[in-house]
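Got chain D sorted already, so can you dock chain G onto it with the hints?
Residue-level listing of the chains:
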Amino acid sequence: MAKMIGAIEVDIETCKGCSLCVEACPTNVIALAEEVNGKGYNYAYMANPEACNGCTNCAQVCPDSCITVYRKKVEMA
Amino acid sequence: MAELLEDIKKPENLVHKKSSVLTDNVMHYCPGCSHGVVHKLIAEVIEEMGIQDKTVGVAPVGCSVFIYNYLDIDWQEAAHGRAPALGTAISRLRPDRFVFTYQGDGDLAAIGTAETIHACNRGENMVMIFINNGIYGMTGGQMAPTTLEGMKASTCPFGRDPKTDGNPLKMTEIVAQLPGTNFVTRQAVHTAAAVRRTKKAIRKAFEKQKEKTGTSFVEVVSTCNSGWKMNPVDSNKWMEENMFPFYPLGDIKDV
Numbered sequence: 033m034a035k036m037i038g039a040i041e042v043d044i045e046t047c048k049g050c051s052l053c054v055e056a057c058p059t060n061v062i063a064l065a066e067e068v069n070g071k072g073y074n075y076a077y078m079a080n081p082e083a084c085n086g087c088t089n090c091a092q093v094c095p096d097s098c099i100t101v102y103r104k105k106v107e108m109a
Numbered sequence: 027m028a029e030l031l032e033d034i035k036k037p038e039n040l041v042h043k044k045s046s047v048l049t050d051n052v053m054h055y056c057p058g059c060s061h062g063v064v065h066k067l068i069a070e071v072i073e074e075m076g077i078q079d080k081t082v083g084v085a086p087v088g089c090s091v092f093i094y095n096y097l098d099i100d101w102q103e104a105a106h107g108r109a110p111a112l113g114t115a116i117s118r119l120r121p122d123r124f125v126f127t128y129q130g131d132g133d134l135a136a137i138g139t140a141e142t143i144h145a146c147n148r149g150e151n152m153v154m155i156f157i158n159n160g161i162y163g164m165t166g167g168q169m170a171p172t173t174l175e176g177m178k179a180s181t182c183p184f185g186r187d188p189k190t191d192g193n194p195l196k197m198t199e200i201v202a203q204l205p206g207t208n209f210v211t212r213q214a215v216h217t218a219a220a221v222r223r224t225k226k227a228i229r230k231a232f233e234k235q236k237e238k239t240g241t242s243f244v245e246v247v248s249t250c251n252s253g254w255k256m257n258p259v260d261s262n263k264w265m266e267e268n269m270f271p272f273y274p275l276g277d278i279k280d281v
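The listed protein sequences derive, respectively, from chains D and G. Each residue of the first sequence is one higher than the last, beginning at 33 in our numbering. Each residue of the second sequence is one higher than the last, beginning at 27 in our numbering.
In isolation and in its complexed conformation, chain G is listed as follows:
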């Protein structure tokens, strides 16, 4: 069997390898974090479209702040929540570049809500990738605007109560109503099939940039297994059972 395995492992039989846009740095994320999968998908899309030297990313504040260490493209680091504002500037000054922002829910849906809504309303020509795991992962699992009703976090240890803590926010549905968005979708990366669909959505969002008709918004419902205090496999199951009924997957707007 060992010889057969060596026989298979030849360049002509290669079907999947690490994208060349990803750097060799080992990601700092917890084991099983969805961020790694989405980073990989963005890298693969950039590689397939051949736009590595024409892409500018805007990094957020949060766990994914170090994304600039992992993708070998041009980056800007925005202040907390201000990635859409910085992305606006870059896409206006360099219309020949592909611009995307990568933000978590604490960044995009909390401190950066105004920037997000106004950038989408103006229809700035950029892609916004929104990682929604319903918790502040980096700072220790506090309640986020997207935390589900009844979901436990370190600042709502008995579960989120809408009477005192407010209701969870569906950012994707909000931006889908705005005239500036041309493609709004919600995806997940919990299974191989879902990963393939998410890749198609990210690819489509980048392709839409060429038409210059507005903002493309891709939400990825994700897990935070450290924040949720579960192992990666259980958090995927928990996400399917609890997150998907409130955050249903699928394209919301495509014009």
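One chain only, chain D, in its complex shape:
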């Protein structure tokens, strides 16, 4: 059976930590980091990377266009 796995890359310095992507993620992959970026915002990161299926919802709602999404089809045994 094929399964989609995904990954996101967040531009940490552009992220303002608005947490709209956290809400938009259907598989609860994203969370805000404990650390802050250069401007003092808690940036978004992949807290639960196994669950990402690359649906791009987070990138759609990101106001600062700081999320890049990758998706790959893998064959599961």
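Source of the hints: derived by calculation from the structure; they are not laboratory data. Since this is a predicted model, take the numbers as computed values, not measurements. Any given hint might turn out to be false.
What the hints assert, rightly or not - Pair by pair, the computed Cβ-Cβ distance ranges are:
1) D:P58 - G:N257: 18 to 26 Å
2) G:K189 - D:A79: 31 to 39 Å
3) G:R118 - D:T59: 44 to 52 Å
4) G:Q168 - D:A79: 16 to 24 Å
Unchecked claim - Below 30 Å or equal to it, Euclidean Cα-Cα: the simulated BS3-like pairs (lysine-lysine) are:
5) G:K279 - D:K105
6) G:K226 - D:K71
7) D:K35 - D:K105
Glycine included, each C-beta is placed from N, C-alpha and C at the ideal position.
Below, chain G without anything else, positioned relative to chain D:
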């Protein structure tokens, strides 16, 4: 897991990246502002249609005044509310260009009401994008013409009272009645599905320009989390509960 992640992050697996029409400047908007999403959608539509060198935008006065720093196309900056008048001039002088105005509710529905209505009534060949968040965000959250009844703003701290403050104005319904408009729609950007629908609407509005049959008007019901004194997630919920009953989403006119 880390190796698997690196394995996925390859150019052939890329499904979404920042539009090349957007510049590298960091937007000055508050975290979670709807302006950023709409800027991104316009950039994506321009990129997909391949009209980056043929598009002229008209920037408004308000929070989105610096939009010319964020989209790498030709821009003109209009006086407050006069973007449709400037857009009229550009589309008449350069009919080969795609012209759009980007305005907030203080710009389009307050000081620029006359310009908006007359440009739509004449059916000038341009796209008008209207960001409606029901408040003056830039100047400190004052009441706007589109502020809802009972909604609090810094100039109506006990909520808007129609007896003293007048009633909220539905600009989109007004321009839909005018013969010059060919596509009038109201959208929002609070969820990923809504963002996709809004992108389709903006794309359709730009495509309509090719037919030269009139003005396309896209309202985006938006949040102003700083002005509303809420966090971005709560303001989206508040917008769904309070703004959508008064400003229902959907196409109002499509000819």
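Do the hints match the structure? See the list:
no., hint, in the structure
1, D:P58 - G:N257: 18 to 26 Å, "holds (21 Å)"
2, G:K189 - D:A79: 31 to 39 Å, "violated (50 Å)"
3, G:R118 - D:T59: 44 to 52 Å, "holds (51 Å)"
4, G:Q168 - D:A79: 16 to 24 Å, "violated (39 Å)"
5, G:K279 - D:K105, "violated (41 Å)"
6, G:K226 - D:K71, "violated (34 Å)"
7, D:K35 - D:K105, "holds (6 Å)"
When the structure is compared with the earlier hints, violations turn up for hints 2, 4, 5, 6 and for no others.
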